[in-house]
Amino acid sequence: MTARSNWPLYEVFVRGKRGLNHVHVGSLHAADEEMAVRHARDLYTRRNEGVSIWVVKAADITASSPDEKDPFFAPSGDKVYRHPTFYDIPDDVPHM
Amino acid sequence: MFDNAYEALTEEGDARWAFGTGFADPLSGVDTTVPSGVDGAELAAYCLMLGDDALIMSHRLQEWCTRAPELEDEVAIANIGLDLLGQARLLLARAGKADGTDRGEDEFAFLRTEQAFRNVRLVEVGNADFAFSMARLLVFATWRLALLQRLVDSVDPVLAAIAAKGVKEVAYHRDYAARWVVRLGDGTELSHQRMQNGLTAVWPYVGELFTGHPVESRIGVDPAELRAEFDAVLAQVLTAATLQLPETPALATVLGRSGRDGVHTEEMGYLLAELQSVARAHPDATW
Chain A
21 MTARSNWPLY EVFVRGKRGL NHVHVGSLHA ADEEMAVRHA RDLYTRRNEG VSIWVVKAAD
81 ITASSPDEKD PFFAPSGDKV YRHPTFYDIP DDVPHM
Chain B
966 MFDNAYEALT EEGDARWAFG TGFADPLSGV DTTVPSGVDG AELAAYCLML GDDALIMSHR
1026 LQEWCTRAPE LEDEVAIANI GLDLLGQARL LLARAGKADG TDRGEDEFAF LRTEQAFRNV
1086 RLVEVGNADF AFSMARLLVF ATWRLALLQR LVDSVDPVLA AIAAKGVKEV AYHRDYAARW
1146 VVRLGDGTEL SHQRMQNGLT AVWPYVGELF TGHPVESRIG VDPAELRAEF DAVLAQVLTA
1206 ATLQLPETPA LATVLGRSGR DGVHTEEMGY LLAELQSVAR AHPDATW
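Residue numbers (my numbering), protein chains in the order written: chain A, 21 to 116; chain B, 966 to 1252.
Treat each hint with caution, since some may be false.
Taking lysine-lysine and the BS3-like style, the derived pairs with C-alpha atoms no more than 25 Å apart in a straight line are [to be verified]:
1. B/K1130 with B/K1062
2. A/K37 with B/K1130
3. B/K1133 with A/K37
4. A/K89 with A/K99
Derived by calculation from the structure, the hints in this document are not laboratory data. Given the structure is predicted, the values throughout are model-derived calculations rather than measurements.
Work the whole structure out from these sequences, hints included.
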């Protein structure tokens, strides 16, 4: 039997009614994926926020390390030409 | 794009996400006059039966707050208790309108004596352990869902609207309980034994759910009609949970009278003492 304290941590992503993408809203403990989705429903969509839920084990997420922040992110700081700010976006192009 | 996650989830320009969005009043646009041909006193009696079931069941679920095995389940169980409390409020308020006394929901909940409560005895028994509570919730939600699904066609439009709201809620309650019953029943040797014990302890209170009171079949749903659906759902869940259908005999009535007649178990008095103590200590207080 899995001890209660050993229930793994899951990260929860919810897509709202007008949202196009799932947004990280928090985390929870659950014994398995199925229970995690149901717990997420009870904890994070109580106020009518969501239409879709993703859960993923926190341990399965590979993250960048805060220690390598400078070499990892700093080089893009002065490359303004990577931002699409030099042309007009037509009014009828949605979700930009 | 957004400063915090909730901005991405809520409606455009709604800064009050903490209060929820897109909620609808279940009784909006519903005609609240008692339909012609319906006996107001009988309708009120029926609303009290269904309302008291929800109120007392909600109280037993609330008792898990601060005691649930996991924080996540505590929130889930509290949500279920709140759903049922919401149903109880609508039903008790309807009773006060239907019987012409104009009594409010609080008066029914907090100022009636034990003999005036019409709930089935299943809901008043104390929580023995988590397995018992999940077995009871499975039994209660399976029975109530079958009932509410038929009540959406009620002659009383208010009752029909309350039932329509309740169907969506209780379907989830049944799902939640069934998953725990299967998880524990088909779990370890210890969890299986405790789940079986919980189910066996709940079983004496099941028979009363289907004998009912004459008022029920006259104005609402005859509970005897629900037995076949109840048995089919329970059989499916118990098979998946590798549990045995208990053969515990039904709890005796008192000269044929039980919860629907205001005859309750010893534990009901203690429950009401706690439920009503604040309201009785501070009459007419508002909060």
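Against the structure, the hints:
Our distance criterion of 25 Å between C-alpha atoms is met by B/K1130 and B/K1062, whose separation comes to about 19 Å. Taking the CA atoms of A/K37 and B/K1130, the gap is about 21 Å. The hint holds against a cut of 25 Å. A C-alpha spacing of about 19 Å is found between B/K1133 and A/K37, which places the hinted pair at or below 25 Å, so the restraint holds. Proximity of A/K89 to A/K99 is assessed by CA-CA distance (about 17 Å); at most 25 Å being required, the pair is judged to hold.
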